[in-house]
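First to last, the protein sequences are chains E and D. Residues in the first sequence are numbered consecutively from 1, following the numbering used here. Residues in the second sequence are numbered consecutively from 1001, following the numbering used here.
Because the hints were derived from the structure by calculation, they are not lab data. Be careful, since some hints might not be right.
Said to hold, decoys possible - Sample of chain E residues at the chain D side, in silico, Cβ under 10 Å: (1) P59; (2) S66; (3) L75.
On a predicted model such as this, the values are computed, not experimentally measured, just so you know. All C-beta atoms, glycine included, are put in the ideal place defined by N, C-alpha and C.
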Amino acid sequence: MIIRITSEGQFNLPGAFVDQLNEIDNELVEAVEAADRSGYATLLKKMLDLVRTEGSPLPVDEIVESDLILPEPDLTLEEAQVLFVGEGLIPG
Amino acid sequence: MGMLSRMSTIVKSKMNRILDSAEDPNETLDFAYEKQLEMLRGVKRGVVDMVAAKRRIQQQASTVQANVHRLGEQAGQALNAGREDLARLALQRKQAATIELQGLDEQIAGMELEQEKLTAAEQRLSAKVTAFRTKKEIIKAQYTAAQAQVRIGSALSGLSEEMGDVSLAVERAETKTENLRSRAGAIDELAQLGVLDDFSGSQDPLSKELEAITSAQGVEDELAALKAGLPSAERKQLPGA
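Between the sequences and the hints, there should be enough to build the whole structure, so can you do that?
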């Protein structure tokens, strides 16, 4: 599946990794809710590294839509909190 | 809802505002291409603005840095002249300037990183725009309107996504540039208030007083030297001696 890391580009990640990605995503949401700064940073990096190492970068001149879009690597905890809380999109 | 879906929503919300597909596929293609070029120009402008803001603050920072040093010296002069109040004032200003300078390096470094990212975004978008231009002409030449509509769908959404990503990068860069500008404004004020670089011509009261005491001190020193050179008989007749 095609995954975009915001500000970085697109990767082709084998579908087998999607469960792993979702797991990290859930933990990441918990870390953001708990304002766990180091946990958040570690998990975000883990998530992006998974895509970077297991996926292969898409050629820049290939024009396709991504199946998933991940945040940029330097998204701060505060910015992440705005993404969720600020928009009221955490339905518990 | 996790990061994944949230981020997708955000980038996609950016896309929709950028590209609204037109009725006629040829028109859609040309319009999309125009939009891409427009965005590329925007990214380039963003980089230029950023570099300008960074240069300005770097220059200011080095000026304030030099002034911090001078304020320290002037505090010493004031103390030598027995003006502890002036020495304290100079040191207070020195400290305020030092605090303002702290973290500035960090901010400039962050700015450099942002600039690199924006340049990379520009290159990515540029490559996609070139690829799109080729694709657009092929689609126009080879397909009927109905077929073209289908063909361009995926290319357009892929491209819109790239543009959404780039527009986020531009927004981030603009925010950082704006922050740096307001920081530059604060440093400007500081430079005007506390800096005594123009010792003789400055209207700053601290400068004036310091100037006054240093020149008064100079007169006293010279007078003392003169007195020391005079024969003792004439010396008695000097008033105040």
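Hints the structure violates: just list their numbers, smallest first. Of the numbered hints given earlier, the structure breaks none, since each of them holds.
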